[in-house]
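J.: For reference, the chains in residue letters:
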Amino acid sequence: MVDVLGGIAKAFELIVTGDPELYGIVSRSLIFSGTAVILAILWGIPLSMLIALNDFRGKTIIKTVLNTLIGLPTVVLGLLLFLILSRGGPLGFIGLLYTPAAIIIGQAILITPILTSIGVSAIEDVDPEIMNLAKTLGASESQAQIAVLKEAVNGLVLSGIASFNRAIAELGVVLLVGGNIAGGINRTDVLTTAISRYTQRGEIDLAIALGIILMIIIFGINLIIITAKRARILFTLGRSPQ
Amino acid sequence: MTVTAELTNISKVYGNKIVLDSINLQIKEGEILALLGPNGSGKTTILKILAFVENPTSGEVKFQGETVNFKNTEKERLQSTLVFQKTTLFGTSVYNNVAYGLKIRKVSKETRDREVKKALEIVKLEGFEKRNARKLSGGEQQRVAIARALVLNTKLLLLDEPTANLDPKNVGILEEVIDTVNRKNKTTIVMATHNMFQAKKLPHRIALMDEGKITEVGAPTEVFGKLSKNLARFAAVDNTFTGTAKATASGTSKVDVGNGVHIEVTAQKQGATAVFVNPQDIILSKTAVESSARNTFKGKITEITDFDALVKLKVDVGKPFTAQITKQSFNDMELCLNAEVFITFKASSVQVL
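Chains as they are written, first to last, in this note's numbering: chain L, 1 to 242; chain D, 1 to 353.
Only chain L is shown next, with the shape it has when bound in the complex (with noise of 0.2 Å):
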């Protein structure tokens, strides 16, 4: 019989007691899956105004293909990865196969897709004539392409926030590349990972803690990032669209 109370009572007290293991594992989980979103931001937006702003051909099949890649199994995505990292595989030779920029960067790879997407999505729904809004009151074309992305804001925030919820909910990556190592200096378990090892070892109520922990982080998260959503439009007023 599991003990699911056994497993609510053990997360409180784990969180009230301020427990360093559990905290640890909380604390590795944002950090990797947060440098993954801010990574993926760097590289992800600038490819969502490329896509977004200009027409090509073959740009609708550029769009399928990056909608398709946002259901890629966690799993598939971490088995590559471990095959490019590992000592025989290509890039073995940096060593990077079981370290914390491992994860961050399978990471930061397997929300691309989504952030892109949800990134075309909202900078294609700016008013199209904002760009030559822009231009005619002298912007140059990166100033003119700032002001859309300033009108934008809202969708771009959003694709970080599912970005940042696929990220820290996934286990495929994180574990293959990642290697769930639970001691030493650089350590590599996070909530996911340390929810299956303690879930196949038995101790079930600990499992059951840290996916009530998981799950109160990301409903925690998103409650700050929406309420953060709504006092912006407050300061929408004061925001320049320069």
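Please note that the accuracy of each hint is not assured.
[Said to hold, decoys possible] Taking lysine-lysine and the DSSO-like style, the derived pairs with C-alpha atoms no more than 27 Å apart in a straight line are:
id, chain 1, residue 1, chain 2, residue 2
1, D, K17, L, K150
2, L, K150, D, K86
3, D, K312, L, K150
4, L, K150, D, K117
[Claimed, not checked] These stretches of chain L come out as covered by chain D in the derived footprint (C-beta under 8 Å, 3 or more residues):
id, region
5, 128-135
6, 139-146
In case anyone wonders, no lab produced these hints; they're calculated from the structure.
Computed from a prediction, not measured in an experiment: that's the story for all the values here.
Note that the Cβ used here is the ideal one computed from N, Cα and C, for glycine as well.
Given the structure of chain L, go ahead and fit chain D onto it with the hints provided.
T.: Frame of chain L; chain D shown alone:
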């Protein structure tokens, strides 16, 4: 007389549609030039080319004496600005909208604040700085767009149908602004309009456009005076009709414009004539009105366009008339498509061209 901009043999093709066909036009410094023509005649395209946000398919554009290289028009764009027909605003405050161009030009905050305040005063929107631009009424939004352009004091100011969607009060304000800006700042203005009335009084010169071509350029009196050549062109503009006039016994004339529609005018005319009725001068009613007005026709509403505070209706009485009424009246009268209505207007409201 300096030429601010010059279009030589300009053509623009979209796909297989010829939007502009060998346009030759000079914009003289300090003038107000109106591009007059029906929708689709190419007015907007010319403005976009003069704003350097659209490149011609062929032909040459000279701006301030130099040929424009459309691969990079950044420099020219700082000296020419366009106010769009459909008001486009950034999703932020009125201040940020109006100050945008100044920020691009790296103007100091003090100067920006001062110039924005001045511009808002000119368009009669004092104190609107902190308001959310997109939450304003249609007329106020258009005035923000104009203030945004005025504040830049560019060599060339381009206006695409600046008063098309405005109620009479705002139309008056805007026409006054255009006139003042041209007289005081000597700003060269090119405006597109399909309002015959406006084209008669505001600009120094008009260029008549039809299907991508300029058919006539000159002072309003000249252009409107050349009846025989321009009859066909005028026919394409709202509420303009061509027909044959016959003098009546009472000192007026009746113009037969076809399909059984005879318009009475207070001028003594005989023979080929063109007449125009301002949409605002047309009274709409659901039943026949017994009045001193000499022109009353029965017809059906064929088109309804909603513009914020006013509603434009196309009524087919044998010939299509465009009437303009307030939103309030429209709601009170409970009008709808295909409704039978009567249009009435005085003989003295009819302009003979």
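J.: When the structure is checked against the list of hints, which entries are broken? Sort them ascending.
T.: 1, 3
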